[in-house]
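Asker: Position chain B with the ligands relative to chain A; hints supplied.
Keeping their order, the protein sequence lines are chains A and B. Residues 1 to 247, numbered by our numbering, are exactly what the first sequence covers, in order. Residues 1 to 225, numbered by our numbering, are exactly what the second sequence covers, in order.
In case anyone wonders, no lab produced these hints; they're calculated from the structure. Please read all numbers here as calculations on a predicted model, not as lab measurements. Please note that the accuracy of each hint is not assured.
Residues of chain B placed beyond 12 Å of chain A at every Cβ, according to the derived structure [unchecked claim]:
hint : residue
1    : Arg49
2    : Tyr60
3    : Leu205
4    : Leu208
Simulated crosslink set (EDC-like; lysine to aspartate or glutamate; CA at most 20 Å straight-line) [to be verified]:
hint : chain 1 : residue 1 : chain 2 : residue 2
5    : B       : Lys145    : A       : Glu101
6    : A       : Lys161    : A       : Glu33
7    : A       : Lys243    : A       : Glu167
8    : A       : Lys97     : B       : Glu122
Where is the CB? At the ideal position from N, CA and C, for every residue including glycine.
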Amino acid sequence: MTKTGMIDFRGVNKWFGALNVLRDITLSVEPREVVVVCGPSGSGKSTLIRCINGLETIRDGDLVVDGQRLGDPATNMTRLRTEIGFVFQSFNLYPHKTALENVTLAPIHVRKIPRAEAEQAGRELLAKVGLADKVDAYPAQLSGGQQQRVAIARCLGMRPKIMLFDEPTSALDPEMISEVLDVMVAVAEEGMTMMVVTHEMGFARKVAQRVVFMDAGAIVESGTPDEFFSHPKTDRSRAFLSKILRH
Amino acid sequence: MLENFSFRTIVEYLPLFGQGLVTTVWLSLISFAGALAVGIVLSAMNLQRGWLFRVPAKAYIDAVRATPLLAQLYFLYFGLPRLGFVLPELVVGILALSLNSGAYVAEIIRAGILSIPRGQVEAGVASGMTYVQRMRLVILPQAFKVTIPPLLGQAIVLVKDSALLSLISVAELTRAGQLLASDRFMPAEGFITIAAFYLLLYYCLKGLAALSGRWLGLQPARSST
Ligand SMILES: Nc1ncnc2c1ncn2[C@@H]1O[C@H](COP(=O)(O)OP(=O)(O)OP(=O)(O)O)[C@@H](O)[C@H]1O
Ligand SMILES: [Mg+2]
Numbered sequence: 001m002t003k004t005g006m007i008d009f010r011g012v013n014k015w016f017g018a019l020n021v022l023r024d025i026t027l028s029v030e031p032r033e034v035v036v037v038c039g040p041s042g043s044g045k046s047t048l049i050r051c052i053n054g055l056e057t058i059r060d061g062d063l064v065v066d067g068q069r070l071g072d073p074a075t076n077m078t079r080l081r082t083e084i085g086f087v088f089q090s091f092n093l094y095p096h097k098t099a100l101e102n103v104t105l106a107p108i109h110v111r112k113i114p115r116a117e118a119e120q121a122g123r124e125l126l127a128k129v130g131l132a133d134k135v136d137a138y139p140a141q142l143s144g145g146q147q148q149r150v151a152i153a154r155c156l157g158m159r160p161k162i163m164l165f166d167e168p169t170s171a172l173d174p175e176m177i178s179e180v181l182d183v184m185v186a187v188a189e190e191g192m193t194m195m196v197v198t199h200e201m202g203f204a205r206k207v208a209q210r211v212v213f214m215d216a217g218a219i220v221e222s223g224t225p226d227e228f229f230s231h232p233k234t235d236r237s238r239a240f241l242s243k244i245l246r247h
Numbered sequence: 001m002l003e004n005f006s007f008r009t010i011v012e013y014l015p016l017f018g019q020g021l022v023t024t025v026w027l028s029l030i031s032f033a034g035a036l037a038v039g040i041v042l043s044a045m046n047l048q049r050g051w052l053f054r055v056p057a058k059a060y061i062d063a064v065r066a067t068p069l070l071a072q073l074y075f076l077y078f079g080l081p082r083l084g085f086v087l088p089e090l091v092v093g094i095l096a097l098s099l100n101s102g103a104y105v106a107e108i109i110r111a112g113i114l115s116i117p118r119g120q121v122e123a124g125v126a127s128g129m130t131y132v133q134r135m136r137l138v139i140l141p142q143a144f145k146v147t148i149p150p151l152l153g154q155a156i157v158l159v160k161d162s163a164l165l166s167l168i169s170v171a172e173l174t175r176a177g178q179l180l181a182s183d184r185f186m187p188a189e190g191f192i193t194i195a196a197f198y199l200l201l202y203y204c205l206k207g208l209a210a211l212s213g214r215w216l217g218l219q220p221a222r223s224s225t
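In isolation and in its complexed conformation, chain A is listed as follows (with noise of 0.2 Å):
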């Protein structure tokens, strides 16, 4: 019996018309595994976690998540987006809700968790993450740094089994990210299982069991954070990280 992880790449392939963005993709995600994503840009890092979640549909190959297979007719797709959390580059919060509406929006509508209840939660988890103080704040108030941790919230408040995040960190001011990361350290620390598109080299050291390096669509190379940072075993992956690194 071949063993399941929470999330279960096998073989899979997915086109944008005639361009094959993800190639033949093995890769099995652990339960509470930390799992960072790189490559140079357009290497289809955003295409493979927003698969994850259904946002692209991939066209062969397996992906089990939690169990259940994507494009099965018995996966209740909504149902499963409910347990994956997704942390966008550019927040996406909501603009006409408060913070602590937009962290108890889809637990009360679609969770169906009680206000009282939900907006208590929304309000620790908004302390958690800092913003405590920014509760009845509207999106456009907030800086980026303070958007994208209102965004991670938003997330936790589905009490989600698995955490997707494509380049949380990079539409930020640089003095934004570390107050990001810190709260996605955290996260990863309570055990959440999660696969982060990143460049951020600390992160992935001090969280990530592996770290995934895509290339033209193809995971060309994966290994724990040191061997891959310290140790690259490609071109490709040299080539790439003396580019991240010169800056």
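Answerer: Frame of chain A, contents of chain B with the ligands only:
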């Protein structure tokens, strides 16, 4: 010329103008409510991915926008009785205005919905919302704000278009002007007076648009992405 201009006759006819104004206002209100209903249904059909609803909606919108309102009005006024529906003029008029304006409202609503960034839809999808939840909780409240100013613009157009109902003898504002013009042979007095009343209605709606703009401005702007 001015010495021939009879303010006395205008004053004499004021009650008639008043009635016409009131009729214009309420038939416009009802027609606009109808146009909103038609527009919401049409835009919902038009936003579907499948062609089954989208194609008829698009065909209807094109047909309305490509033909004169007067032709549409006559089509209903003379055509419906032929099909066995004999309706009062006023009802035919309101129907025509609703069906006509509804096509424009549909396009305004669709543009408003499409102006909401894709990331908003994705955030809703990713948190497990259904299509209906996403629309109700995320997209429509934001689109609503964007559509208010152009909708009030459409309301102004509708009020002016309602003048055409005078041609099927609905006793609205323009009809009152026509009566003065034909009874007393005073077209200048008749039509200047109704022009003044239309201007009044125009400024009321413009004021409303400005107010709603200020009210909407109070809400914080969309977050930068
Ligand atoms: N909706 C789409 N339609 C067509 N092509 C797409 C679409 N989305 C992505 N692509 C293409 O697929 C490839 C992989 O895109 P993807 O966004 O996954 O890359 P990435 O590794 O996340 O890059 P980046 O670091 O720039 O975010 C790119 O060549 C991109 O242009
Ligand atoms: Mg990307």
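Asker: Determine for every hint whether it applies to the structure shown.
Answerer: Hints and how they fare:
no.: 1; hint: Arg49; verdict: holds, 14 Å
no.: 2; hint: Tyr60; verdict: holds, 31 Å
no.: 3; hint: Leu205; verdict: holds, 25 Å
no.: 4; hint: Leu208; verdict: holds, 22 Å
no.: 5; hint: Lys145(B) to Glu101(A); verdict: holds, 18 Å
no.: 6; hint: Lys161(A) to Glu33(A); verdict: holds, 11 Å
no.: 7; hint: Lys243(A) to Glu167(A); verdict: holds, 17 Å
no.: 8; hint: Lys97(A) to Glu122(B); verdict: holds, 16 Å
Violation of the numbered hints given earlier is absent; every hint is satisfied by the structure.
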